[in-house]
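Asker: For reference, the chains in residue letters:
Number of protein chains: 2
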Amino acid sequence: MKFSPLQYVTSLKCLICGKEYTADNRFTCETCGIQGILDVQYDYDKAGSHLTSHISHRVFDHWRYRELLPISHDIPLPHLHIGWTPIYDVPRLAKHIGITKLYLKDDGRNPTNSFKDRASSVGVMKAIEFGFKEIACASTGNAASSLAGLSAAVGLKSFIFVPKRAPEPKLTQLLIFGATVLRVQGTYEQAFDLCGEACQKFGWYNRSSGINPYLVEGKKTAGLEIAEQMSKNLPDWVVVSVGDGCTIGGIGKGLQEMKKLGFIDRVPRLLGVQAEGAKPIYDAFYSCNDLIPTETNTLADSIAVGTPRNWRRAIKMVKESFGEMITVNDEEILEAMRVTARLGGVFGEPAGVTGVAGLQKAIQKGIVKPNESALVVITGNGLKDIQSAKKAAGEVIDVEPDLKSVEEKM
Amino acid sequence: MKFSPLQYVTSLKCLICGKEYTADNRFTCETCGIQGILDVQYDYDKAGSHLTSHISHRVFDHWRYRELLPISHDIPLPHLHIGWTPIYDVPRLAKHIGITKLYLKDDGRNPTNSFKDRASSVGVMKAIEFGFKEIACASTGNAASSLAGLSAAVGLKSFIFVPKRAPEPKLTQLLIFGATVLRVQGTYEQAFDLCGEACQKFGWYNRSSGINPYLVEGKKTAGLEIAEQMSKNLPDWVVVSVGDGCTIGGIGKGLQEMKKLGFIDRVPRLLGVQAEGAKPIYDAFYSCNDLIPTETNTLADSIAVGTPRNWRRAIKMVKESFGEMITVNDEEILEAMRVTARLGGVFGEPAGVTGVAGLQKAIQKGIVKPNESALVVITGNGLKDIQSAKKAAGEVIDVEPDLKSVEEKM
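Listed in order, the protein sequences are those of chains A and B. Just so you know, we're using this note's numbering here: the first sequence kicks off at 2 and counts up by one. Just so you know, we're using this note's numbering here: the second sequence kicks off at 2 and counts up by one.
Bound conformation, chain A alone (with noise of 0.2 Å):
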């Protein structure tokens, strides 16, 4: 097997207790089990030392961290452009749900149309490090069509796993990259079991977020950037949709090591947003407890987790920015959809504005207050779900190819 040395990580660590692991083909802590989530460490001296002294001359995309990222750099990048997604101050959207300035930062604009892309294609770094030809995941959809596309872009053979509620366009678009999809009538939960248990079987990488310990350090290259392209104006609050825990987690040891390396002063809070119908993270949170598995039912389908894998990580990384959570109901999000499109110029997907919702939410509680910033991280396009899009959207006027007709109509 091919194994190429990783010049700033030192090891893998894991976040309940502590003990230390070579930076392998790994998953999760040998003691705590699938709990066990493994946090890869780096030497911030030696990666800041040499990151800082080069980034200025670099091509704008996630890979311009790279030594903050657990790839080997002997390796070819996928040709891909990741990251690097665009900013917008969005004043009409500000004012409308009551904020000064607010920022909204279009992950939809990534190669596959969402977030996960940034965490893809670290995977397939991996796998292809680590001498697979195949890789595999779980996912609601936006990772399945992720990984698919990566994969088609790097060579590799992807397997998806995805649960009977995936929407059509998400399914379309990972078919047409051609990965092999696996429907699996059952939840969300089997579907992930069911993908590991199949990549033991034959031999597949498991890029599965959350126990597969380099995937987050992808999603982290969201708060990187966002500490780089604001560092004018750093934003007071950082809003992000929760499911599975990987993406405010990630982003938030992003913005921490920013803050280590000096980018940066301070890091934002976090402010986690879940769906009211997919909320065990909130729960856990609140009421200081261990996470309980729940039921899920919103609309917001990349959201919908209810044994979330990666919660210790998202609620620690809350907590250490001061941060607060929220939830939303289908309604708020549905109108954060039409808000955000209209007076923001961005088209999201149910869990893509998510965070807008919860965001209007936060200051109508007295959370975030009118005077303060936030950017929210818009994680993934709505043409993914149109079918939530058409609950949001209002109605064609028909018109017959005549004048009088459009006068009628007006």
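Wrong hints could be hidden among the right ones.
Which copy? The list can't say, so a pair holds if one copy fits it or any two copies do.
No farther apart than 25 Å at their CA atoms in a straight line, the calculated lysine to any residue pairs in the SDA-like style are these [said to hold, decoys possible]:
| no. | residue 1 | residue 2 |
| --- | --- | --- |
| 1 | K165 | K392 |
| 2 | K165 | Q388 |
| 3 | K233 | P77 |
| 4 | K317 | G37 |
| 5 | K14 | K47 |
| 6 | K165 | L404 |
| 7 | K320 | Q230 |
| 8 | K202 | L157 |
| 9 | K102 | G156 |
| 10 | K165 | D403 |
| 11 | K47 | W85 |
| 12 | K158 | V397 |
The hints are simulated quantities; they were obtained by calculation from the structure and are not laboratory data. For clarity, every value in this text was computed on a predicted model and none was experimentally measured.
Using the hints, position chain B against chain A.
Answerer: Showing chain B alone in chain A's frame:
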């Protein structure tokens, strides 16, 4: 009515009779009628000198060429990030279609996921400059959703006339942006005419491609970018799908301008690709006669144009580049969707990948030599037309949530 000076624009010139007009709120030539498309003229000495001395300090979006755009420099630019889309070197796809070097420029990465954002962004700027509060267009889909998104971004009210065959994702996309959508029970051509009449009647600005002289200038930026991004390894061919003729006409103009300004020392040959079911420009190109409108029958809805408005510009640009035209059928387009996704990592809509199908056929016919290089512009994201993508994609495999069920299906 507000009016701002356009620093480097000198006139609008009829593509048929050559008559020149001042660059104000104007559409086609008074003498030649609707066929007399007006072309924006610039003072290239002044524009070029200012552009070349400032460009290296500018943000990577399509406004970096502002001296070559007919926009007032005192109107705020839309906040959405437009243009400077990535160009990918795709050796596996190159090998598959039989050419030494192949590049894809993924214009599905624009804010509303198509090439048309380049034009719509100029359209909304002109509407604001001319003092309009409302803007309208007729479109097969992409220009519509693009105009809806850009209008939402800058706060204009938009009215969109779509033909009855427009795919649902595109309709939903523009409804979510708050556009008033008028679905005309007729063809694209009827929708086009009705839009013009309604603009007259209700006082809306008409963004319809072809007759609006400013729109094609936005499309031109793809040509400007190709020249700048590829200046060190300029391809022999630039391949573009052709519907109304505006896209290839614009790209050709952009490439010519960059030669004029010294960014490149030759203009790549243009290969224009039409669908067999909608090929009036192809027919006019090889017959050397005036265009004869046709019926249309192709799944590539974005280029299903039977009465193209900008056919003269398209043919002029292809001929001036010593280029060629070719047609492909729907089966070839679906196959191009598959291989572009699976070997290039880019999921394009049917018209978006028609260039790939056309290039492959041009190689087979000896028009393009295997040892040449080519760049294909992918004009729209595949998520915009999931129904067509489903025809190209394979099938999902349904499994029970146990390993035995997976083993049986492998």
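Asker: Could you run down the list of hints and mark each one as holding or not?
Answerer: Evaluated hints:
Both within a single protomer and between protomers do K165 and K392 lie at most 25 Å apart by alpha-carbon distance, with minima of 20 Å and 21 Å respectively. Taking the closest pair of Cα atoms, K165 and Q388 come within 25 Å of each other both inside a single copy (15 Å) and across two copies (19 Å). Proximity of K233 to P77 under the C-alpha cut-off of 25 Å is restricted to the inter-copy arrangement: shortest distance 21 Å between copies versus 33 Å within a copy. For a Cα distance limit of 25 Å, the shortest separation of K317 from G37 inside one copy, 14 Å, qualifies, whereas the shortest one across copies, 65 Å, does not.
With identical chains, the CA atoms of K14 and K47 are at most 25 Å apart within one copy only, with a shortest distance of 19 Å there and 61 Å across copies. Taking the shortest Cα distances, K165 and L404 sit within 25 Å of each other only across copies (17 Å), while inside one copy they are farther apart (46 Å). Proximity of K320 to Q230 under the C-alpha cut-off of 25 Å is restricted to the intra-copy arrangement: shortest distance 24 Å within a copy versus 44 Å between copies. Proximity of K202 to L157 under the C-alpha cut-off of 25 Å is restricted to the intra-copy arrangement: shortest distance 18 Å within a copy versus 57 Å between copies.
Taking the closest pair of Cα atoms, K102 and G156 come within 25 Å of each other only across two copies (18 Å); inside a single copy the shortest separation is 43 Å, beyond that limit. Proximity of K165 and D403 under a CA criterion of 25 Å is satisfied inter-copy only: 14 Å between copies versus 45 Å inside one chain copy. In this assembly of identical chains, the alpha carbons of K47 and W85 lie at most 25 Å apart only when taken from the same copy (24 Å versus 34 Å across copies). Taking CA atoms no more than 25 Å apart as the test, K158 paired with V397 passes between copies only; the shortest distance there is 15 Å, against 41 Å inside one copy.
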